[in-house]
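One letter stands for each residue in the lines below.
2 protein chains.
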Amino acid sequence: MTILDTGIKNIRNVSRCTLGEGSLAELPRLLLRRKQEHPGPVLFFADQFLEGSDSIKKLNIGPADKLIFVASAHEPSTDGIDAIVAGLHATGFQKPSCIVGIGGGTTMDTAKAVANLLTNGGKAEEYQGWDLVKVPGVYKIAVPTISGTGAEATRTCVMTNTRTGLKLGMNSDFTTYDHVIMDPSLTATVPKNQYFYTGVDSYFHSMEVLAGSYRNVIGDAFAREGLTLCREVFLSNDMMSDDNRERLMIASYFGGCAIATSSTGSCIHFRRG
Amino acid sequence: MTILDTGIKNIRNVSRCTLGEGSLAELPRLLLRRKQEHPGPVLFFADQFLEGSDSIKKLNIGPADKLIFVASAHEPSTDGIDAIVAGLHATGFQKPSCIVGIGGGTTMDTAKAVANLLTNGGKAEEYQGWDLVKVPGVYKIAVPTISGTGAEATRTCVMTNTRTGLKLGMNSDFTTYDHVIMDPSLTATVPKNQYFYTGVDSYFHSMEVLAGSYRNVIGDAFAREGLTLCREVFLSNDMMSDDNRERLMIASYFGGCAIATSSTGSCIHFRRG
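In the order they appear, the protein sequences are chains A and B. Note that the numbering used here gives residue 66 to position 66 of the first sequence, counting from 1, and the numbers run on in steps of one. Note that the numbering used here gives residue 15 to position 15 of the second sequence, counting from 1, and the numbers run on in steps of one.
Hints in this document: simulated from the structure, not taken from any laboratory. Note that beta-carbon positions come from the ideal geometry of N, C-alpha and C, so glycine has one too. Watch out, some of these pointers could steer you wrong.
[Unchecked claim] Stretch-level coverage of chain B by chain A, calculated; a stretch enters the list once three of its residues show a Cβ under 8 Å from a Cβ in chain A:
#1 13-24
#2 145-151
#3 223-230
#4 242-254
[Said to hold, decoys possible] Here are some of the chain B residues that sit facing chain A, going by a computed Cβ distance under 8 Å:
#5 G7
#6 I8
#7 K9
#8 S53
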């Protein structure tokens, strides 16, 4: 093998995607079915900028469910995640049927971390690292409201360790979302600068994969297509058209898939040759 | 929306992939873990051409497990599938922990159909059509030994109805494999003609998606990349090099993903506009 590292990779994919303009409206039906099979309340994490928005109204939050708004100015901290979990335990919130993360990378990562902690116990920093999460987290659904972070597709959730100051994720197959709803109508109201700069995040995810040391065919394939979609969007006359917002949403997802499948982000072991 | 049909799609992805040369060796470990969590024997379906091969030895088949060789000259028939299921019941074979399909499209499709019938009951032809499978099939793992069919990634298993002569699949989210092992070393011994003609199948899967009426961004993305990989393979000087066999395996998988995500193969409903 001349150009590719061919270590054996174990890849955990997002199991289900719901895609299309207006697809957020599918969420209540999905949650209802989930509750029938796995009774319990739903725990929603939503970006604080969504407070009072139509998107929140569409979530159809029931009286037993809980909605927590997430401040997205900074990435999650280990203390912040621990405080959320402690708060849930203190109020007697039972094990949820499902956790929903609706927002950007910070919100989606917060939901991932809490989902792992609710089933694994302990403190957030105990799981910062490689495959330290022992059992599957609570079943979880991502609803990205901005494109580019790739958090909807990756197997990590980045947190700043409050004690050490280091940024490190819970890198685990159990961190990957079970279901992602990709509704491009949710990014129509994102400020143009933020839309662009976050979108570029996904461009660089794909670039990093293609420039990385642990490449493989599937990671390269996701990354190449992520770049193609980004270029179509950013080189067009209207990067926020309906079509382009859908393209950038898929570019973000593919960029996340590229990271999750190609880099050390997903290997179980390497056989270097 | 000018160029793309934007119906809402519900996509069931393969949840896990194990990828890389020699990755078949991971299977016994995966099956052991599966058996620990879900006790029961393993039911293997293998292409008859693998009889006596090293690949069969690597499966590490236990005394309680069962191996059925599949004649791959023709696609599965409904009567053939029913006969397999009746045979399993007649010999008192208990519900398997896992079903493994190792071979080409016929073998992988046979495993899919039997997995659905063992949990849903009834006859194969009752499930030929759209979303007629009621409950998840037995957990199943695909090991393609030839690239191109895409059966490792699609939500259908094609069967000829013995009574009517019509070819029709069990088109269902429950038909999709849970885990796919993509080991390019398994295609090293495929006759060159067969390697090419089956590989071209995947080229046309991607072509069909891009020429189809029910396109969307994600299906197009998988298809474009499937075509790129096919072209790299077929236009090279050695289409069966180690790298190219890995590329064609991913092209086959992406071709299957393209069909499963873009066409009517995965829609839950359409909102035409």
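For each hint, the structure was consulted:
1. With 11 residues bearing a CB less than 8 Å from a CB of chain A, the region 13-24 of chain B meets the requirement of three and the coverage assertion stands.
2. Counting residues of the region 145-151 of chain B whose C-beta lies closer than 8 Å to any C-beta of chain A gives 0; at least three are required, and the coverage claim is violated.
3. Under a criterion of three residues with beta carbons nearer than 8 Å to beta carbons of chain A, the stated coverage of the region 223-230 of chain B is upheld, 4 such residues being counted.
4. As drawn, the region 242-254 of chain B meets chain A at 8 residues by the rule of a beta-carbon pair under 8 Å; at three or more, the given contact holds.
5. For G7 of chain B, the interface hint holds, since its Cβ comes within 8 Å of a Cβ in chain A; the closest pair sits about 6 Å apart.
6. Interface hint at I8 of chain B: satisfied, since its Cβ lies 4 Å from the closest Cβ of chain A, which is below the 8 Å cut-off.
7. Hint status for K9 of chain B relative to chain A: holds, with the closest Cβ pair at about 5 Å, below 8 Å.
8. Proximity of S53 of chain B to chain A is violated relative to the hint, the smallest CB-CB distance being about 20 Å (cut-off 8 Å).
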